[in-house]
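In the working numbering, the protein residues as written are 4 to 175.
To be clear, the hints were calculated from the coordinates, so they are not data collected in a lab.
There may be inaccurate statements among the hints.
Unchecked claim - Mimicking DSSO-like on lysine-lysine, the simulated pairs with C-alpha atoms at most 27 Å apart in a straight line are:
1. K80 with K91
2. K136 with K123
3. K132 with K80
4. K80 with K97
5. K120 with K132
6. K91 with K123
7. K120 with K91
8. K105 with K91
9. K97 with K120
10. K80 with K120
11. K136 with K120
12. K106 with K123
13. K126 with K80
14. K120 with K106
15. K136 with K124
16. K29 with K106
17. K29 with K80
18. K124 with K97
19. K106 with K126
20. K123 with K80
21. K126 with K136
22. K97 with K34
23. K105 with K126
24. K91 with K126
25. K97 with K123
26. K124 with K91
27. K167 with K105
28. K136 with K80
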Amino acid sequence: MKYTDNNEFFKTENWDIEEPILGHEKRFLQKLGQQKPKQKRFPLRIVASIAFILGSAAMFLIINQKTTVQLSPETQKTQDYFTSVIEKELTELKSRETPENKKIINDALIQLEILEKDYKKLKIEIANKGENKQIIYALLTNMQTRISFIQSVMEQLEHINQLKNNQNENTL
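Please model the complete structure; the sequences and the hints are all you need to start from.
Here it is, written out as structure tokens:
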């Protein structure tokens with residue numbers, strides 16, 4: 004039923020206008036006092052946030068754990084060689100940092116961290132499944148990729164330096 008006027012609504016509806024029985028308020032307050040207080044529950048958001056944080060921490064620990072992997076002597080020797088080359092190249096890259104190229108180097112380090120995480124996953128896979136040609140190939144390719152990437156970044160830095168020097172010479 005549609006009402007065109009608010010007054011019409013109030014005139015036609017059956018409203019309870021009776022006074023409550025004597026003592027109603029007292030009985031109501033007694034019942035209210037007898038109710039058990041509601042237990043405060045953690046809001047779902049807090050529980051979900053805690054679960055997410057714990058899950059993320061667990062994954063971080065799993066990925067970053069040092070896995071003892073038994074590699075064949077030949078593979079271990081190759082890994083040691085690549086590791087030393089990567090460390091040497093990385094030290095060289097960091098030593099070239101200047102205020103002008105700091106962003107480039109930081110971006111490169113972020114990319115290297117991604118490759119390092121992939122490398123750690125491969126080591127975990129070797130620990131779980133054992134050494135096989137495909138995983139070892141992926142492991143060595145990862146290390147070669149890191150070396151090539153660092154060298155590429157250093158070449159770019161050298162090229163930028165040359166351009167800067169040429170520009171300075173032209174302005175003199």
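Quick rundown of the hints versus the structure:
| no. | hint | result |
| --- | --- | --- |
| 1 | K80 with K91 | 17 Å, holds |
| 2 | K136 with K123 | 17 Å, holds |
| 3 | K132 with K80 | 21 Å, holds |
| 4 | K80 with K97 | 26 Å, holds |
| 5 | K120 with K132 | 18 Å, holds |
| 6 | K91 with K123 | 20 Å, holds |
| 7 | K120 with K91 | 19 Å, holds |
| 8 | K105 with K91 | 19 Å, holds |
| 9 | K97 with K120 | 20 Å, holds |
| 10 | K80 with K120 | 21 Å, holds |
| 11 | K136 with K120 | 20 Å, holds |
| 12 | K106 with K123 | 26 Å, holds |
| 13 | K126 with K80 | 15 Å, holds |
| 14 | K120 with K106 | 21 Å, holds |
| 15 | K136 with K124 | 16 Å, holds |
| 16 | K29 with K106 | 73 Å, violated |
| 17 | K29 with K80 | 88 Å, violated |
| 18 | K124 with K97 | 25 Å, holds |
| 19 | K106 with K126 | 30 Å, violated |
| 20 | K123 with K80 | 18 Å, holds |
| 21 | K126 with K136 | 13 Å, holds |
| 22 | K97 with K34 | 74 Å, violated |
| 23 | K105 with K126 | 31 Å, violated |
| 24 | K91 with K126 | 22 Å, holds |
| 25 | K97 with K123 | 22 Å, holds |
| 26 | K124 with K91 | 23 Å, holds |
| 27 | K167 with K105 | 15 Å, holds |
| 28 | K136 with K80 | 16 Å, holds |
The structure shown violates the earlier hints numbered 16, 17, 19, 22, 23.
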